[in-house]
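Asker: Here the protein sequences line up with chains A and B, keeping their order.
Residues in the first sequence are numbered consecutively from 1227, following our numbering.
Residues in the second sequence are numbered consecutively from 1227, following our numbering.
It should be emphasised that the hints constitute simulated quantities derived from the structure, not laboratory data.
Among these hints, one or two may not hold up.
Copies of the same chain look alike in the list, so a pair counts if it works inside one copy or between any two.
Claimed, not checked - Below 35 Å or equal to it, Euclidean Cα-Cα: the simulated DSBU-like pairs (lysine-lysine) are:
no.: 1; residue 1: Lys1295; residue 2: Lys1273
no.: 2; residue 1: Lys1243; residue 2: Lys1273
no.: 3; residue 1: Lys1243; residue 2: Lys1295
no.: 4; residue 1: Lys1340; residue 2: Lys1273
no.: 5; residue 1: Lys1295; residue 2: Lys1340
Keep in mind it's a predicted model, so treat the numbers as computed, not measured.
2 protein chains.
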Amino acid sequence: MANQAMPDYETVSGRLKLLAHPERLRILDALRRDAECVCHLEALLGKPQPYVSQQLRILRDAGVIRDEKEGINVFYRLIDAELIGWLEAILGPVQGEHPEMARHKKVISCSCPKCEPAPIPLMHEPA
Amino acid sequence: MANQAMPDYETVSGRLKLLAHPERLRILDALRRDAECVCHLEALLGKPQPYVSQQLRILRDAGVIRDEKEGINVFYRLIDAELIGWLEAILGPVQGEHPEMARHKKVISCSCPKCEPAPIPLMHEPA
DNA sequence: GCAATATATGCAAAAACCCGCATGTGACAT
DNA sequence: ATGTCACATGCGGGTTTTTGCATATATTGC
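Using the sequences and the accompanying hints, generate a full structural model.
Answerer: Here it is, written out as structure tokens:
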């Protein structure tokens, strides 16, 4: 009999603001596939590093992503289940790897673990 | 073979901004159930009429709602299928009538057709 | 220790948004 | 035509957002 509870529009719209920004949305679309380090996100957005870190901070302060330090790098992971659901409804389901991301990974070659899939033992000497 | 096309984050985030506002979200949550006239939305929000009209204008200019004049009243209807889907993912499915809306309908008694379900023929004279 | 790399933070100007208020318009009745 | 009711529009100021840039911190290697 009880009708549904009214949603807290204030809270919901506050969380929607996180998505309602093109660069943050792009970041979240990348992170919902896999954790990424800042250097890769920087290449993906094509924006200066402080800019990327600032958007990441907004998302981190809101509690939707978590930073995982790995040596000199920091990987960010999308940890908010509700937001993952919203992204699926808005951007569609995840299919395979992020194309832009994959392209940038081949290009920037930072020192993060993902860029060195196998620490090749480095043969004697080249010609 | 073709990976999914990149969404236009600019466009999507622009549409998300429509939802990322508590009062607009409340309006949309009401309109996804049924068309409503401005006077009822005014009662729902508890805000002055020009304020409500301004939010309605933003939604109308974005093309997600349509105004239908009916005599002296104006009814607004949610006409964007994509947005309806997003709202369902974010606020949950529609179940029954909007409780707040129903309550306000009993209280404000404006002249709109919805407030007079049957134009009672008005008997001779009361006691 | 020092240098280099990866990332974070602080600040300020520009832009956008939010919102109240005065006023405009259009329909209907008298 | 005058008034009234329902709604729309314009405008201005206050607040937040956005974003570029300078700088700070932390880790690694030397």
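Asker: Look at each hint and say if it fits the structure.
Answerer: How the hints compare with the structure:
Proximity of lysine 1295 and lysine 1273 under a CA criterion of 35 Å is satisfied intra-copy only: 22 Å inside one chain copy versus 47 Å between copies. For the homomeric pair lysine 1243 and lysine 1273, the shortest alpha-carbon distances inside one copy (20 Å) and between copies (22 Å) are both at most 35 Å. In the homo-oligomer, the alpha carbons of lysine 1243 and lysine 1295 lie at most 35 Å apart both inside one protomer (27 Å) and across protomers (32 Å), since each shortest distance falls under that limit. In the homo-oligomer, the alpha carbons of lysine 1340 and lysine 1273 lie at most 35 Å apart inside one protomer (21 Å), although the nearest pairing across protomers, at 53 Å, exceeds that limit.
Taking identical chains as interchangeable, the C-alpha atoms of lysine 1295 and lysine 1340 lie at most 35 Å apart only when both belong to the same chain, with a minimum of 13 Å there against 59 Å between chains.
Violation of the numbered hints given earlier is absent; every hint is satisfied by the structure.
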